[in-house]
Structures are given as structure tokens and as C-alpha cells.
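S.K.: As you go down the protein sequences, you meet chains A and B in turn.
Residue numbering for the first sequence follows our numbering, starting at 54 and increasing by one per position.
Residue numbering for the second sequence follows our numbering, starting at -8 and increasing by one per position.
If you are wondering where the hints come from, they were derived from the structure by calculation, not from laboratory data.
These numbers come from a predicted model, not from an experiment.
Careful: at least some of the hints might be erroneous.
What the hints assert, rightly or not - With a straight-line Cα cutoff of 30 Å, these simulated DSSO-like cross-link-like pairs (lysine-lysine) come out:
id, chain 1, residue 1, chain 2, residue 2
1, A, Lys385, B, Lys(-6)
2, B, Lys25, A, Lys318
3, A, Lys177, B, Lys(-6)
4, B, Lys(-6), A, Lys265
5, B, Lys25, A, Lys265
6, A, Lys380, B, Lys(-6)
7, B, Lys25, A, Lys63
8, A, Lys318, A, Lys434
Said to hold, decoys possible - In silico negatives: residues of chain B with every beta carbon more than 10 Å from chain A:
id, residue
9, Ala20
10, Glu22
11, Asp27
12, Val29
13, Asn44
A virtual CB, placed ideally from N, CA and C, is assigned to each residue, including glycine.
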Amino acid sequence: MMQAVKISEKVYWVGAIDWNIRDFHGYSTRRGTTYNAYLILGEKPTLVDTVKKEFYGEMMQRIQSVMDPTKIHQIISNHSELDHSGALAETVASIRPQEVYVSAMGLKNLTGHFHENLKFKIVKTGDRIDIGGDTISFVEARMLHWPDSMFSYLEKENILFSNDVFGMHYATNRLFDDENDEHIWWTEAAKYYANIVLPYSDIVLRFLQQIKQMGLSPRMIAPDHGFVWRKNPSQIVDLYGEWAAQKAANKALIVYDTMWGSTEKMARQIADGLSSAGTQVKLLSMHHTDRSEVALELLNSTALLVGSPVLNSQIFPSLADVLCYLKGLRKKNLIGAVFGSYGWNGAPLEDIYQTLEKMQVQLVAPVLKTAFVPDEETLSKCRDLGVVTSQKIAEKLA
Amino acid sequence: MVKYVCEICGYVYDPAVGDPANGIPANTAWEDVKEDWVCPVCGVGKDQFTQQN
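So here's chain A without its partners, still in its complex pose (with noise of 0.2 Å):
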């Protein structure tokens, strides 16, 4: 039978740890993750979040290690995401619990999951309740990351249950931020970051200080995804108010495709600009390159070039799908420029440059392109480009 983890007096992990997961929804997660679902112990047992529906079997076995599962008094839905909430329904229809609290938008979306007649109970902020020896209180989180998000809030044990906020995609058996290696974490927060918080990051901002004038300094903050943080919860809460500030460095993201190579001749001559005039440059291949690996790097960057090759007069696919994933999340205060070659008609690649004003980026320069393969006068234009970019990204720092 496998095990809860004790992460305070009254309070086990009884989670689920995906070692295999590679893609989640479009996010590359090479380290897998976990969902995390927390028994809360005392006269009315309570288990905040489940996990994803297929490991229904290995969070019950985790509460049997500590206790009758019929016996849990209620449960709390955090979050109604279904890799929280896909095994609520049968956990539901399994141990019978007295009551289910949700948020009012929780409720709308687990009907929506479901499709039952759920009768859960809405919990709004301030609402609070006994569980015996101690008690819960609900902080609504709209849009954090999600319209139904909540955070659930142990008073005595001073314990946040905060479900996506704060976490990552880490699978790992070490369930505190003690026990695991910062280089990894840092990276796998960022991502998470950047992939899953960033569009809300001024909702972030409002609701850390929020947590501030309500007097909260938890002990702990135990998150849906990765380790609970107890050595230091208020390092991943600044990390948080940095990341939401959205204050780049003096960084540079090129992102292209290339067919027969001009396009990427033409991203290296703008790296090597960037470079010697003392920008740090990433380029990324999108032949190479997952989408979320490029919202980690544009986190902290301050200007983003696209290049594409055209293909029967369009942008190139891949370019497409980055440059719709990348619109979402709303990253500000970015300058940019459009590059790319093409064979006869190099008009679609002002669909990039429309798309990124679309986005509020500052365009530096209009679209630099080239017939079919870059000459020596173009591939010096393109050297042009990323000194110019550089300069305007030492502007915009000063």
C-alpha cells in the first residue's frame, strides 16, 4: 500500500506522483509532476483537492495508510481543474462525505466537468469552518489561474493550501523545497510561471497584497503541483512578486523556422548583432524548441524577433502556433522585430508584424526580408538589426 507523507502534526500528503508525464495541454514537462491532495486530520477529517482521474487508486491508498477514507468529513475543491478534480466524483460517490465546498465558479465548472446535480457548498472569502481543534478559511483567487481558483487557509497549523499558485511541474518524492535542488526548482517554477500565471500577473500583484493586509505569514504554503514550502514560504511569494513586476533583463529571444536555411542565416547575423553589442541572446529553433520553453525564456526578456520562412503564402506553421500560444499569455513591455525570407511574395510576413502590435509590442524596425537566400547586403542589414534592438532594449532598461 503506498503511503502518506506527514507534513505537519495533523496535516499528510496523500498526492499522486506522474514520474511520466512529458506533455501536459501543450506544456513540455521533462521533469513529470504531481498532484497534490492534502488529508487534514482532527474530529472532522478533510481532504483538500484530489488528483487526475487515473490516480484515483493511488491517492485513496495514500489515506488508507492513515485512515479510513470513509471516514473523512469533507472535502475541499481548491481548484476544478480535472488534474485536481478528475477523481472527485468518485471520491465523492466513494467515501460520502458530509459536504463538498467549492468556490461559486468551482461549482459552475465541476457541473461542467461532471454533469451531475452537484450539491456542494459555495464558500466565498471570509467564510470560515470548524474542523475540529482547528479552522478553515477560504480566500477566493479568480483568475489565479483560474475564474473558480481558491485558497484554502489552516489557522492554527498556520498552513496555506494555495492549489496551482506557487507550484510546478516537478515530480519528486522529496516533498519540501528543503530537500530539492534550487537549480532545478528555480527553472520549473519560472516555467510554471511564465506558462500558467503570467496573463494574471496583475491580478498576482493585487493578491499578494492582499495576503499582506489580511495579516497571512504562513508557516507553510502547500500547493497543488511539486514540494510544499516550509523552510522558506516567502521565497517563492517574492519570486512571485518579481515575476508579476515583469522587469526584463537585457535579453533578447529570436524566434524562427527555417526550409532551406535563409531565414536562419539571417537569425544568426541578428544574434551575433545582439550579442556584440552586449545583449544575452537565446535563439530558438521552433523546429527544435517547444512552445513552453520559449514562455520560460521570454519571462525575463526583453525583446522578442520572429523570423519565419513563407510557405504557400502563410507563416510558417510553426511560427503560428508560437506566436498564438505567446499572444496569450500577455507578456509586457516587450520591443520586437519581424525577419524572414520568402520566394515570391514576402507579404504574409507582415501578418507577424500585425500579430505582435496586436500584442503591444514596440516594433523597432519594419519587417527586414529577402528573396530566397540571403545576400552579403541583407545578412549586414540583419547584423544591423540586432544592434539597433540592443540599443533599444539599453533604452528602455535606463
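Since the structure of chain A is provided, determine the placement of chain B on it from the hints.
M.R.: Quick look at chain B alone, frame taken from chain A:
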């Protein structure tokens, strides 16, 4: 002027502020906000807004 609330994410459209980043200047009444405007937080259309009480 009357404020409107997004039923999905809770964003409040305040006519006094408008949504200048998305082409709606300050002092634009809800009725005058163009029909293809979307919630700047969650992306839904005007039909998912209700009048704030």
C-alpha cells in the same frame, strides 16, 4: 455612471476609467463600449457582464 462586472472573473468595468489599453477611453458609458470589446482579464464578451449592484 453604472459599473459592470464580469461574471466569469470578477473584473469591474468602470466607465470613469474605461479600458484605454484596449481602445476604450475614460468616460465611456457601458452602452458605448464597442460590441467586440472583450474582458481584459479573462477574454469573454460583453454579454457575460452584469450591472454592478
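S.K.: None of the hints should be skipped; say for each whether it holds.
M.R.: Do the hints match the structure? See the list:
1. Proposed proximity of A:Lys385 and B:Lys(-6) is supported: the alpha carbons are some 27 Å apart, at most 30 Å.
2. Distance check on the hinted pair: B:Lys25 and A:Lys318 sit about 44 Å apart at the alpha-carbon level, beyond 30 Å; violated.
3. Between A:Lys177 and B:Lys(-6), the direct Cα distance comes to roughly 22 Å. Compliance with the 30 Å bound is thereby established for this hinted pair.
4. Of the pairs offered as hints, the one joining B:Lys(-6) and A:Lys265 holds, with about 28 Å between alpha carbons and a cut-off of 30 Å not exceeded.
5. Distance check on the hinted pair: B:Lys25 and A:Lys265 sit about 37 Å apart at the alpha-carbon level, beyond 30 Å; violated.
6. Distance check on the hinted pair: A:Lys380 and B:Lys(-6) sit about 28 Å apart at the alpha-carbon level, within 30 Å; holds.
7. Using a Cα cut-off of 30 Å, the hinted pair B:Lys25 and A:Lys63 is violated, with the two alpha carbons roughly 54 Å apart.
8. Only pairs whose Cα atoms come within 30 Å are accepted, and A:Lys318 paired with A:Lys434 is accepted, the gap being roughly 12 Å.
9. Distance check on B:Ala20: its Cβ is at least 24 Å (rounded) from any Cβ of chain A, clearing the 10 Å threshold; non-interface status holds.
10. With a least CB separation of 25 Å from chain A, B:Glu22 remains clear of the 10 Å interface cut-off, as annotated.
11. Under the 10 Å C-beta cut-off, the non-interface status given to B:Asp27 relative to chain A holds; the minimum distance is some 13 Å.
12. The Cβ of B:Val29 lies farther than 10 Å from every Cβ of chain A, with a closest approach of about 12 Å, so its non-interface assignment holds.
13. Every CB of chain A is more than 10 Å from the CB of B:Asn44 (nearest about 15 Å), matching its label as outside the interface.
The structure shown violates the earlier hints numbered 2, 5 and 7.
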